[in-house]
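Put together the whole structure using the sequences plus the hints.
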Amino acid sequence: MAGPRAIRLVETTLRCYPARWRRRHGDEAAELAALLINDGRPAASIAWSYLAGAAREWLTPRPGRRLSTMACALLIAACSLGVTGGLLASAAPARAATGQAHGSAHCRPGPPEPVPDVIRAIGHPQVIIREAGHGRSC
Amino acid sequence: MTVGKRDAEAGQDVLRRVGEASVLILISLADEPRHGYALIQDIKELADVELGPGTLYGALDRLERLGLIESLPAEDRRHPYRITAPGAAALRLHLDSLERVSAAGRLRLQLGGI
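From first to last, the protein sequence lines stand for chains P and X. Position one of the first sequence corresponds to residue 36 (this note's numbering), numbered consecutively onward. Position one of the second sequence corresponds to residue 193 (this note's numbering), numbered consecutively onward.
No wet-lab data here; the hints were simulated from the structure. These numbers come from a predicted model, not from an experiment. The C-beta atom is built at its ideal place from N, Cα and C for all residues, glycine as well. One should not assume that every hint holds.
Unchecked claim - Which residues of chain P face chain X? A few of them, derived with a C-beta cut under 7 Å, are:
#: 1; residue: His60
#: 2; residue: Asp62
#: 3; residue: Glu63
#: 4; residue: Glu66
#: 5; residue: Leu67
#: 6; residue: Leu70
#: 7; residue: Ile81
#: 8; residue: Ser84
#: 9; residue: Tyr85
#: 10; residue: Ala87
#: 11; residue: Gly88
#: 12; residue: Arg91
Unchecked claim - Dumping the calculated EDC-like pairs for lysine to aspartate or glutamate here, alpha-carbon to alpha-carbon at most 20 Å:
#: 13; chain 1: X; residue 1: Lys236; chain 2: P; residue 2: Asp74
#: 14; chain 1: X; residue 1: Lys236; chain 2: X; residue 2: Glu224
#: 15; chain 1: X; residue 1: Lys236; chain 2: P; residue 2: Glu66
#: 16; chain 1: X; residue 1: Lys236; chain 2: X; residue 2: Asp223
#: 17; chain 1: X; residue 1: Lys236; chain 2: X; residue 2: Glu212
Now the structure itself:
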């Protein structure tokens with residue numbers, strides 16, 4: 036990842052921290068991230084670490100922080116995860132369709148055909164596991 | 193909430209609850225004050241553990257709240273941290289406890305012939 040983009044990614048995640056934390060550690064945390072990126076640590080892993088740290092910071096009870104603030108933070112985090120999950124789910128069929136358009140060897144369009152060699156998972160009749168090498172692998 | 197010297201003197205291993213990152217930070221600060229980047233590098237050398245920066249600041253905040261470390265005036269934008277007397281006492285107690293557990297483990301392995 037290019038330097039400025041990596042720094043921007045980390046700075047974006049630093050904005051997820053509470054204002055009190057940013058006043059105390061913000062500048063130092065940005066500088067530390069820049070040093071670690073220079074050392075070759077992936078920016079994504081640094082950003083992820085800061086994101087997890089921000090979540091912990093919001094969810095840790097502090098004197099003076101109202102419960103409603105924490106509940107709001109939790110709700111926003113849950114909504115963000117939901118939106119991300121939704122985007123990923125909607126992107127999957129599109130990706131599969133692109134693969135078909137390029138003539139993928141394993142994925143064939145059309146209605147699902149009955150697959151004779153299927154194993155029903157014990158205790159989970161709705162779960163079907165295809166035997167390796169016989170089902171379509173998408 | 194701070195951990196007084198009395199807690200350590202009373203034999204309570206307060207570091208049992210704070211997690212590995214906090215213990216490694218205290219060990220790293222045991223000989224001299226260090227700032228964030230120096231801590232990450234020292235812990236990598238010391239224990240082959242790559243602390244994430246988010247984990248580092250979380251642990252530093254917790255240790256500071258417990259009174260086990262204190263931050264010194266900033267140099268540029270970096271805050272060096274220093275271990276406090278209760279922090280040193282707590283670390284000593286925790287390391288003693290680890291040593292006892294480690295010795296017992298080795299003895300049992302020996303007895304088990306493994």
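State the violated hints by number, sorted upward, taking the hints as numbered earlier in the document. none
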